[in-house]
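A.B. asks: Single-letter residue listing:
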Amino acid sequence: SQQGEEDPQALSIQEGENATMNCSYKTSINNLQWYRQNSGRGLVHLILIRSNEREKHSGRLRVTLDTSKKSSSLLITASRAADTASYFCATAALDNAGNNRKLIWGLGTSLAVNP
Amino acid sequence: DTEVTQTPKHLVMGMTNKKSLKCEQHMGHRAMYWYKQKAKKPPELMFVYSYEKLSINESVPSRFSPECPNSSLLNLHLHALQPEDSALYLCASSLRIAGYNEQFFGPGTRLTVL
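Sequence lines, in order, name chains A and B. Going by the working numbering, 81 is the number at position 81 of the first sequence; the sequence numbering is gapless. Going by the working numbering, 64 is the number at position 64 of the second sequence; the sequence numbering is gapless.
Be careful, since some hints might not be right.
Said to hold, decoys possible - The calculated lysine-lysine pairs, modelled on DSSO-like cross-linking and capped at a C-alpha distance of 30 angstroms, are:
1) Lys70/A to Lys19/B
2) Lys70/A to Lys36/B
3) Lys26/A to Lys36/B
Unchecked claim - Across the chosen pairs, the derived CB separations fall in these ranges:
4) Gly14/B to Ser28/A: 30 to 38 angstroms
5) Asn30/A to Met27/B: 16 to 24 angstroms
6) Lys18/B to Ser12/A: 24 to 32 angstroms
No wet-lab data here; the hints were simulated from the structure. Ideal Cβ positions, reconstructed from N, Cα and C, are used throughout, including at glycine.
Put together the whole structure using the sequences plus the hints.
C.D. replies: Structural data, given as structure tokens:
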């Protein structure tokens with residue numbers, strides 16, 4: 001089952017602009033992860049933010065997490081054509097036994113960066 | 001070596017064929033995963049192995065049969081598939097089974113069932 005929902009579903013911007021995509025989830029989490037997938041290829045891990053963190057940076061990426069609103073955002077600054085891809089959030093949720101064994105994936109945002 | 005490899009890259013099979021997908025990693029990861037992904041959809045978890053033992057089976061039909069011969073290899077045996085099984089099959093690995101860790105994905109096998 002999918003608990004994450006990203007918005008927007010699709011985003012088209014010009015090179016150099018910033019891209020922001022959001023992810024909402026439903027249950028308590030240990031961490032939230034963002035992945036990128038270029039067309040028809042495998043997923044690449046971008047960043048992991050733990051439930052006790054509010055903001056994290058990695059190069060041109062900035063991720064925020066608001067556990068009170070059960071939401072996260074991914075900001076890509078100064079976008080490039082090579083950033084064109086689908087972006088998925090995934091949450092490490094606890095099951096009823098308090099175990100954390102799998103990721104729950106969001107529906108994804110398709111980003112197009114036009115040269 | 002921080003790579004997960006998958007073979008073949010593409011596979012076309014008939015509904016009566018038997019084929020296998022292979023996945024390999026040499027990062028010392030003890031959790032390995034099979035996902036199925038349809039176009040424009042998120043990956044759907046199929047199976048998870050932890051320390052070479054099947055830990056999670058997400059109610060996958062028996063025409064898909066996973067196998068983990070050792071800590072570096074993961075196979076997915078396919079038999080009597082249906083056209084709706086056509087999809088991108090992704091293998092992933094992580095240090096441990098828990099969701100605390102990032103997952104490393106292979107490039108996938110594009111499967112077409114005729």
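A.B. asks: If a hint holds in the structure, say so; if it does not, say that too.
C.D. replies: Status of each hint after checking the structure:
no.	hint	in the structure
1	Lys70/A to Lys19/B	violated, 42 angstroms
2	Lys70/A to Lys36/B	holds, 27 angstroms
3	Lys26/A to Lys36/B	holds, 23 angstroms
4	Gly14/B to Ser28/A: 30 to 38 angstroms	violated, 46 angstroms
5	Asn30/A to Met27/B: 16 to 24 angstroms	holds, 22 angstroms
6	Lys18/B to Ser12/A: 24 to 32 angstroms	violated, 44 angstroms
The structure fails hints 1, 4, 6 (numbered hints given earlier, in ascending order).
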